[in-house]
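Let's have the full structure, built from the sequences with the hints guiding it.
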Amino acid sequence: MAPRRKAVAAVAESDEAGEDMKTEIVEGWPQGHEIRILISETDASQVNAIRRALIADVPKLAITRVDFSQGVTQDNKGEVVESVNVLPDEVLAHRLAMIPIPTNLKEPLYYPNECPKCIDVVERDKGCPVCQVLYTLSARGPASDADEEFRTVYAGDITTISDPEYDIRDEHKSIPLTVLAKGQFLEFYAFAVLGRGRDHAKWSPASAVGFQPHRVAVLNKPKKASVLFDLGLTTTDGTPINAKLFG
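Residues 1162 to 1408 in our numbering are what the sequence shown lists, from first letter to last.
Misleading hints may appear alongside valid ones.
If you anchor each label on the Cβ, the simulated ranges turn out as follows [stated by the list, open to error]:
hint, residue 1, residue 2, range
1, V1377, D1286, 56 to 64 Å
2, T1395, H1361, 45 to 53 Å
3, L1406, E1195, 25 to 33 Å
4, R1376, P1249, 49 to 57 Å
5, T1297, A1342, 20 to 28 Å
6, P1191, S1244, 37 to 45 Å
7, D1318, P1249, 15 to 23 Å
8, E1195, G1317, 20 to 28 Å
9, K1183, V1388, 30 to 38 Å
10, S1335, R1376, 37 to 45 Å
11, D1398, V1340, 45 to 53 Å
Computed list of lysine-lysine pairs in BS3-like fashion (alpha-carbon distance at most 27 Å, straight line) [to be verified]:
hint, residue 1, residue 2
12, K1221, K1363
13, K1278, K1221
14, K1278, K1267
15, K1363, K1287
Just so you know, the hints here were simulated from the structure itself, not pulled from any lab data.
For each residue, glycine too, the CB sits at the ideal point set by N, CA and C.
Next comes the structure, spelled out in structure tokens:
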């Protein structure tokens, strides 16, 4: 499926971890769907807590329910089409759940079980503009007289009935959903709600978050280090190991 955000943090450890934690984006990042952050005045346990929170606790929208149209019908050209394709509905519903849905937390959006308008509504009927985003898709296979035998349906074929702010992003529109042959159609309504990654991976906003120590060498006795400098060594990126390297 499409990539979610990846984050890598470098940790500059401190004896007074957490009291004055500082963060900065590493020069040259973000790149595509990845970002690197330098976190200083902290320790590994606190950065690991941040890592876990990014994966499991950050609210995100994801599709949780799909209502498929079933049966046989006629399209606008009079051709008879049937609601079948190469994937079972439950597999297709799972693929839809894993599509990255834009999440705008600046707009008022409630969790389904906390929505003031739906709190007393039965589970099946829950859902309103402040606790869910509604999507729809209507696709047909190739016409009976077409040269191609199959048509691929993509995430870009999904449209939102809610605010355009929640339209599928351009970089995710090329995600394939299923394939339709001649005489087949696919129609559904999909409902996206807020959730957290601790409940299901579809609600996790990041695919991978890791961290590693970022140690800084301090030269206490420059005169004794001259023996090392005379060896003409370099770091892994080709930087000469000399007094300038230690500031």
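Subject >> Unsatisfied constraints (hint numbers, rising) >> reply: No numbers; nothing is violated.
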